[in-house]
Structures are given as structure tokens and as C-alpha cells.
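Protein chains: 4
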Amino acid sequence: MMKRIAVLTTGGDAPGMNAAIRSVVRTAIYHNVEVLGVFHGWSGLINEELKLLDRRAVSGIINQGGTILRTTRCREFHTEEGKQRAFETIKRHAIDGMVVIGGNGSFAGAHEFFKRYNVRCIGVPASIDNDINGIDLTFGADTAVNTALSAIDNIRDTSTSMERIFVIEVMGRNTGYIALTVALAGGCEDIIIPERSYDLEAICQDIARGNARGKASWIIVVAEGAASATEIARKITDKTSLETRPVVLGHIQRGGRPTAYSRELALRLGYEAVIRLLAGEYDEAVGISGNKIVTVNLELAIQKKSLDVERIYKLIRILT
Amino acid sequence: MMKRIAVLTTGGDAPGMNAAIRSVVRTAIYHNVEVLGVFHGWSGLINEELKLLDRRAVSGIINQGGTILRTTRCREFHTEEGKQRAFETIKRHAIDGMVVIGGNGSFAGAHEFFKRYNVRCIGVPASIDNDINGIDLTFGADTAVNTALSAIDNIRDTSTSMERIFVIEVMGRNTGYIALTVALAGGCEDIIIPERSYDLEAICQDIARGNARGKASWIIVVAEGAASATEIARKITDKTSLETRPVVLGHIQRGGRPTAYSRELALRLGYEAVIRLLAGEYDEAVGISGNKIVTVNLELAIQKKSLDVERIYKLIRILT
Amino acid sequence: MMKRIAVLTTGGDAPGMNAAIRSVVRTAIYHNVEVLGVFHGWSGLINEELKLLDRRAVSGIINQGGTILRTTRCREFHTEEGKQRAFETIKRHAIDGMVVIGGNGSFAGAHEFFKRYNVRCIGVPASIDNDINGIDLTFGADTAVNTALSAIDNIRDTSTSMERIFVIEVMGRNTGYIALTVALAGGCEDIIIPERSYDLEAICQDIARGNARGKASWIIVVAEGAASATEIARKITDKTSLETRPVVLGHIQRGGRPTAYSRELALRLGYEAVIRLLAGEYDEAVGISGNKIVTVNLELAIQKKSLDVERIYKLIRILT
Amino acid sequence: MMKRIAVLTTGGDAPGMNAAIRSVVRTAIYHNVEVLGVFHGWSGLINEELKLLDRRAVSGIINQGGTILRTTRCREFHTEEGKQRAFETIKRHAIDGMVVIGGNGSFAGAHEFFKRYNVRCIGVPASIDNDINGIDLTFGADTAVNTALSAIDNIRDTSTSMERIFVIEVMGRNTGYIALTVALAGGCEDIIIPERSYDLEAICQDIARGNARGKASWIIVVAEGAASATEIARKITDKTSLETRPVVLGHIQRGGRPTAYSRELALRLGYEAVIRLLAGEYDEAVGISGNKIVTVNLELAIQKKSLDVERIYKLIRILT
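Chains as they are written, first to last, in this note's numbering: chain V, 1 to 320; chain G, 1001 to 1320; chain Z, 2001 to 2320; chain Y, 3001 to 3320.
Don't read these hints as lab results, they were simulated from the structure. The beta carbon of each residue, even a glycine, is placed where N, CA and C say it ideally should be. Mixed in with the good hints, there may be bad ones.
[To be verified] A short list of chain G residues far from chain Z (calculated; beta carbon distances all over 10 Å):
| id | residue |
| --- | --- |
| 1 | Arg-1070 |
| 2 | Glu-1076 |
| 3 | Glu-1112 |
| 4 | Arg-1254 |
[Stated by the list, open to error] Now the stretches of chain Y that chain Z is said to cover, found in silico as 3 or more residues with beta-carbon under 8 Å:
| id | segment |
| --- | --- |
| 5 | 3220–3228 |
| 6 | 3256–3262 |
| 7 | 3313–3319 |
[Said to hold, decoys possible] Which chain V residues stay away from chain Y? Per the calculated CB distances, all over 10 Å, these:
| id | residue |
| --- | --- |
| 8 | His-40 |
| 9 | Asn-133 |
| 10 | Asp-153 |
| 11 | Arg-156 |
| 12 | Ala-212 |
| 13 | Gly-225 |
| 14 | Asp-238 |
| 15 | Arg-254 |
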């Protein structure tokens, strides 16, 4: 039976991480299991930055962005020596299992760690990119999408008032999830995403045709992994002779007060992660699929997630 | 083949209705079908308040709360004569089918209308209460939940700073959906909802015990259909001699800029409603279940929807 | 020369209090003066709840609503014995001066304390009600006004969509400041505030006339100190036979992330309070008047503040 | 006596322009003066894009960003022929006076127009940059500052969680107003603005020293007119070997729902502009100074506005 588990957040921070930490800590304590918070992700495991967390330690954080445990992208953990040192911390502190809150890269690390040292890890999918395979949604994505959408609503005011073409770059290194979602919800005219080839010539013809019939306001959403807004904007100007403005939303999408859904999901998944860890499960991620809690083996979870791109793209084309 | 359809919004307004209207109009036009907008819900059908909507008529509304078609709760439609007059408008304007955007009561009306006059209606579930059976979520609920949550976050500041007990009444005449969701996401201490009996004596004992060990801040969420915040607050004060404050969030939960998810769902469902109507389906609602589009017969859709109350309640108790 | 000061927050919490605390602490430390934080307002002074605050203690709070020092309305301080005990704490901890962050009642207490025990107090005007005389604005008011306005914008969606009359009660026990400001900025039709008699008969005639020419949406803002929204709504229904809805915004106006201006003002005034205390000033409040920092004797500061009601009322009547 | 005036918005759009248009239209109509709305700024005057605006035309826009009259930056107006054609429109439509809502460049145009053709123009200062001399605040600035601050709060979550250095570029081509205000209110560590020379070497030493004592999170705000965030970030990395992230907030600062203060100011100034125009005043801007309405000759209004930079900079250095 487990007596002590550890929890850490790794990779980019995502809104809801604090809610997940709260859930992990309180669920464990409710089941009479101690929780060590590891600071700075894997790096803190290597360097033994741990602290026992009680119920109080996680009060007042449910609506805070970021993570009270801090997070890093830790290269050292990917070395043999790094993992070895991390494992020694695990042994030294009698840690029976770990809850790893993070995205794709974090789960890859957890899986490696399990394979090499048999450390029992459960992943809680926290990412603004929605990049975990086998589940519907990582918990930070809803907040990131709303933040980006709010920015697009603002830009729409200027796009309409000044009749200008905007090219807006949103986050998403390997996936167009945010781009697709905000383009649809924002009534944007076109998208450029990694999952789908694009024809800038055709986009420019659309714009030119629209311009000819009086449609002068235009918003094109670009996922950072597919292209640079600045370059796309310049090329459109080159081809159409129309003024364009690029906007790179950047890191405003990562922080902020988590939405209701980001919190709800973080709380549910944090709870489930502990329950399953205590029940003897490991090397898997908990997640939501079709409104139900599911688990996905970590090796599968880090595979490329596929998006129903064509369906949404078609909607965007019909509706805007 | 359908040549002309009508769209209306009825019952209480919900954020995303305008996005749904946009979607219905543009999807229909894309399929070479005309759309008449009916103003003031069923009442406008009775009184012949219709207007042909083109693509332009629905531009710039995707992010606006409320409904450009207006809405009412129309008693006359529930009389034989009302329905008869509404049907005459349908005939006079050669309306082949209708998209009815609304909640429980709206679907009941649509179903009656179909049964009595064979008018082909498809329902699009718009409600802040999430009160449609057979689907996961009505599209206004996500916005309402976030608005209520934001209010609760604000009140938490005072609850913590002044160490006070707050009783917050949220919308939900027949359902504790909003209450459950915001209580969980807001880290609230207890809930009172129609789906679950409550023991005020036990709540007061909890509060008194908490107070004894120094926990002076407390938030209890009440669904309007279960109890009155003002009365609950008074009773708690009576039993515990502690100061309490009731807050009734009321109509702030109904309006506002729709969230990304409310818009996305409204757009998808508006599109699906038209596609299905054109494909010959009727007397059903479109909705989302497990991330997939489903249809539910209207008669079923208006049955009492069940909530997984105990699961969430347990989470609330463990996590706060 | 002062070596140690104390800071406390009293009365109702107001957004920006944490920014003010941060400013007081860091300004004092910058001038090599120690700062004791007093918890729970005057009550904490009486019961000796104090803690030395360093720079770190006030980091990460600038954008948080509420007050990390907590606050109460303390009746005991208004007794001779209460003030005596508070004064003993002052002596015991060698406190040379105090920064009192709060509103009208807080300044009255500070002034009494000075008169009775010669304790050097400087007031920093924090209140959502903007109830301090001799200055333009208390620092929480801008946030409260924006919160109330956002609520009114939401309600406007429903008021327009359902063509309903709303009566919205905002905070303001002795003043119509919030009511006047949000009614103007929210495009509301009428106001009921303590500073101005109102003629409900005339309001109802306005509504009836509007209704006759097709204007069915109506928002009347009521300051809590002037009337009850519930009663006004009922009376309007009685007189006009039109449906009305009351909404009492209540405590959502008190908390929340402070606006830029609330923070800026809190930071500036916290700084000025310390500077002036160190320079030997006392028994006064710092504030802003015409964009300049001014001081007002506490006795004057707690006098009834007058509002330019007629000018704003006229604007409301012309513009809506 | 004036019988007909025109209103236009020019230059970059600013939140509150719609509230100002509403105020101009309704105040004029209240005084029995007709209002022509000119679309697309000066360009619409040249090309005769005008429309009579009634009270209804400006309802429902008080809380909308952008401008229903559209705006452009019009080069043609700065030619002799452009102004001549604009003047012919003025004559043809019997326009007795104009309300010009815009910023620095707009007022320069209005002043030229007056000097050359004696057209009576009154300026209403709308700009997110707060770049009008002789008054305290242009009406869009408060909204822009709050939008930028909200973005900075989000980025702070990541800056703290990942312990990273961020360089955030805000708007302000000739002025550091937004930068100074958000840096103070956002608790940012340093600023780079046009009004003040900066020493990147010293900033880097600060950062290095901070880093040595464990302070790893850092936000530097840059006004677009002073430097490029991307370049500053790269230079800091070069000098300190620490990872940095640039964020360019860009056009999200221009749009969005106006804050209470932006609306209030827009409404007041729109009203005052009409009153003064009708009273025979012209070639001046209305504005607020020390909470009072003032007028400034347009020639003076477009002079370089000075900011109390050192005072705020000192506060930033002491408080963060």
C-alpha cells in the first residue's frame, strides 16, 4: 500500500495546474497518503527540492494561473545520470508513486523513468496545446482558447473599423488545435495549421475577390508550428498590394485565471490520478474521452494526436 | 426539397444564440435555401414578424450575447388558436421547416407544433441551465458557468478577507447543473441543489466545527430551484450565531460575450440542424454527446435530464 | 526619526488593498523603516496579531483582490477599553506611526485614536464607495464600477433580447457614486440614489410612454442606500402592469482583480502615505485631487462628500 | 445658429469611439441639430460617404470597441486637392460644424482644415496613446492600459512558474504612457520608453545580480517607439546568457469593450464638444484636466505632451 506519493509539474505551465495540484494533494491526504511537492519539475527531483504539502498548502490557488510548484524544461533528466539522481531522490524519500502533471514531453519523461527505474508514474494531461493522444482535451486548452479568442475579438474591432487584414499567430508547435478552435469561434476567414497544407495563392485570391466586392476586413489565424504571421502578412501584401498587420499572441495564451472547464477537468483528473495510483495502476495518463474518464498508456498518449481538421475547416469556410 | 426555412429563438436568452443564428443562416444559404428570421419567438410566428436574412444580416454577431431575433416566453402559442395562427404564417410564407433555438420549454412547443400541424422542426439546445435530456451540454451553459464562477471568485476575495460566510444563489430552476459546476470549480464548501436533499443542521455543524478550528471563510452555493440564498443565510445565522451574507447572482448569468465553447457548440449545432432538416429529419434536437453530434427525439429531449450529482458532490467534499 | 511603522486594512475590503500594502511595505523598507503588518484591522491591534513584513511578504499580491492582512469591522475599538488595549500594543511594539488603509469608518477610527492617544496615523483611502471627502477617488472604486458595469452589460443582453425592464441595485450605502457612474457608462435609463429625490410616478410614466412607442427594454440603477431594487421593481409592475426583474449585484462588486487605475492609485497613495508619515505628518489622509496628490485632515476627510449629481443626471437623461 | 453638424472618427480606432459618437449624436438631436455621420474619416468627407444619424442609429453601441463610422489614415486629405474636395462636401451638405474624434494626427488635420477653409472643428481626444497635449487623458487609454495589464498578468504567471525573463512590447510610438502605467500597475521590473534614455548594460547587471540571489522571474516593458522587444530580449540573452522571451502585444491593445472610464470620458467629451460647437467655439479640443472639462487650442493640443516620467520611474524602482 502506498504511503507517500510525489507530485510535480513539468514542461510549459498551463492554466489549471494549481487546481490539479490541489486535487492531488487533498485526494491523497483524504486517503491517508502523504504528498511531497517537487519544485521545478524533473530538475527538482534531481536536486532534491521537495516539500511536504498539507491541505493548507494548496488553499487559495484553485483560480490562479501558473503553478506553485514551478516548472522547467529539464535537459538533465534526459541523460542517464539525471534519471539516476532523480531515482535516488525517489528512494531516499520513500516515494511510492508519482503524479506527473504536464504535456507530451512530460509524459515521455515519465514513461522513460518508469521503463528505466520502474517508478510508478501517472500522468495528468496539462497543456494549452491539447497534444495528448487518446483523450479529448488537456485541461489548459480551454483557457488558452478563450484567451486567444478574446484577443481576436479585440483585433476584430480594429480589423472592422480600419478595414484591415490581420494575420494572427497563436500557439501550437505541432498542432493547429488552438488555431482551428479560435478561427471557428472568432469568425475568422482562414487558417494555416501544421495538419493541413495551405495555398497562399488561393488565400490571396480570396482576399482580392473579397476586396473587389467591398469586404476589406479579414483575419487569418496561423498556428506557430505552421508558419510565421509576420511572413504570411508580408507575402499577402506582396501579392495583393493590400496593407496587412501581423500579431503574435505569444505567451499571453499560457497564463491567466483558468476557466471553469480547465479547473473542473484539472480537479477531476487530479483526483482520478491519485485514485488509480493508489489502486496499483501506473505508466498511464488519465483523461477525458466523450465525457468519461479513461486511461491511456503513456507510450500511446505521446503519439501524435489527430484532429478532425477537415470537418472544422469546412465549417469555417461555410460560416465566414 | 426545402427552399425556405425559418429560424427563431424562444425562452430565456442564452449566450451563443447569435452564433447559432449565424450558423443556421449561412449554412442554409450555402445550400441555396432561404432563411426567414422570426422575431420574438413563437409570438412573432403568430404575429407574422418575419424578415429574410442574408449573410450580411448575421455578420458581427458571433461574439454578442442575447439574440438579434429577440425572444419571449409566449403563452398564446400554447393555446389552440395561437398555434393555428402560427401555422397560417408558416403556410403563407411557404416555410418548409424550422430551426428552433431554445431550451426545454421551447422544444416542448416545437414538438406540440409538429404533432398538431406537422411542421418540421429541429431543435438547437440553447439554455444556460443545461436542461436538455440525451445530450451532454446546451450551448449557453459554459458561458453562464464562467460568469457565475467569476462572480464567486470575486466574492471569495471578500469571504477570505473578512472571514465571512456567503450563501450564493445561482440559476437553475429544475437543475443544480450550474451550482454543482461552479461549486467544484470555485472551491466552494457546500451545495444545495434540487437533485439532492440537504441537511442544514449538518451544514451548520460543519461550519461551527470549521469556525472552532479557525476556518471562518465559507461559501455555500444554492441553486434557485432548491432554496433561497436569503433564507438559507438567515437560518445559518440563527443556528450558528455567525454573520452570513446572501448573494443572488440572478440575470448576470444569462448574458455576456459567449465563451469559445459556447460559440463553437452553437456554430456546430446550428450547422447540423440545417443539414438534418434539409436531409428530411425533424421532430428532433441536435446535440453533442461524448464529443459526437447526436440527435434526440424532441419528446425525449424534454424529459428530466439526470446529473451525476453524487460523483461531483463527493469531489467537492474531498477537495474543499 | 521613525524606525518602525504598522500597516492595517479595516472596514470592507476593496480591490487594490494588496497593492497598497505592497507599496507601504516596500517604500518603508526602502527608507530603512520596519513595517509590522496588523491582521484583522483594529481588532488585530487590540489582540496583538502582528507580523514583520519583508519585501518578499508582499510579492505576487499586486493583482489580487481582497487583503492579505484581512479586515474586520471592529466594534471593540470604538470602546475606551478597546482603544486602550490597541494603544498598549502600539507601545509594546515600539510602533512610531501607522498607515490605515480603509474608508470612511476606518478614518474616523484613526482620527479618534490620534486624538485620544496621539498615535500618528495616515489614512490611505480604500473603498469601493468613493466616500472620502476632499479627494477625487478612493482606489477601489474604479474596479467596483467596472465590475458592476460588466454585470449591467450582461443584463442589457437579456433586457434587449427579452424586452424587459430591469432594476439593478448596486452598492453605495450613503452615496450614489457607483450608481451614477455605471448608469451613465452603461447607457441606463434612470437612477435612484441617496443624493437625489426621485419620483417613481414619473419614472413609470416614462416607461409607459416608452412602451407605447415600442421601447420595451429598460434599465434602472438603484443605489442600495436609496431604495431596494426588489421593491422598486414590484412598484413599477404595480403601476405599469409590465413585467420587471430586480437584480441585486451585491458582493461581486467588492472583490476581483483590481483594474490598472485601482492599482496605480493604491501604489501611489501607499508610497505617499509612508513618505508623509516619515516626514512628520499625521492625522491626515493622502489622496488624489485633479491628478495631484493632496492631503486632507482626517476630520475633514470623513465629512459627507458631495457628488456633482445634477451634471451626470442631466447627461444620463440626454444620452439614453 | 447651427442646424447640421457632422461627426467623424479618424486615425487609429480607440475604445470609447462609439460611446463618443452616441453622445455627439444624441446631444445634437437634443438641441435640435441634425448630425451627419461621415464614414471612413477624412476619406469619407472627400468621397461623400455620409449618412444622417438618428437616436436609434447609435443605440446598442456604447459598450462596443472600434467605431461604427469606420476610420482610416487618409493621405489624400493632406493634399490641397483632398481638402478642397472635403470642403466641397461640407458646403454641399450645409454642414455648419464638425466633431472630429481622434488623436494627434486627426487634430492636426482638423486644424489645417480650419485654417485653410474656415471649417469649424472641435476635437474629441480619442487615442490609446494618451498623446494629446494640455489634457490629462484621451479616452481610449484606460481600456488599452487595462488590456495590456491583463496580458502582463497572464505572462507573469509563466514568468513566475518557469522563472523566465520576459520583454513585453506595448503600444506607444511617441510616448511611454502605456508602458509606464502598466509597468507600475503590473509590478514590472524595468521599462524602456522614448522619453527616457536607458542603459541596457545596467539592466543586465540588475538581472544578473537578481539571478545570483535567486530572483529568476523578470518582466521588462518596452514602448514600441523606444525599442523592439525582440532585439532587447536577444541582447539581454547575449549579455547574461539567460533565456529570454519577447512578447509584442500589438493590436490587442486597440480594441475591446471600453472600460467604465473610457466610456464615461467619451460620453462627457462628446457632449461637451457639441455644446461648445453650438456655442460658437471651434479650432479647439475638449478634454479633462484635473477632473474638470477644459478646452485646448488644436495647435497646442498637437504639441508634444510631456509625461511625469521620473516620478513614476522612481516608484517602479522602489516598489518592484
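Verification of the hints:
no., hint, result
1, Arg-1070, "6 Å, violated"
2, Glu-1076, "15 Å, holds"
3, Glu-1112, "22 Å, holds"
4, Arg-1254, "5 Å, violated"
5, 3220–3228, "violated (count 0)"
6, 3256–3262, "holds (count 4)"
7, 3313–3319, "holds (count 3)"
8, His-40, "8 Å, violated"
9, Asn-133, "25 Å, holds"
10, Asp-153, "7 Å, violated"
11, Arg-156, "7 Å, violated"
12, Ala-212, "17 Å, holds"
13, Gly-225, "17 Å, holds"
14, Asp-238, "21 Å, holds"
15, Arg-254, "5 Å, violated"
Hints 1, 4, 5, 8, 10, 11, 15, counting from the list given before, are not met by this structure.
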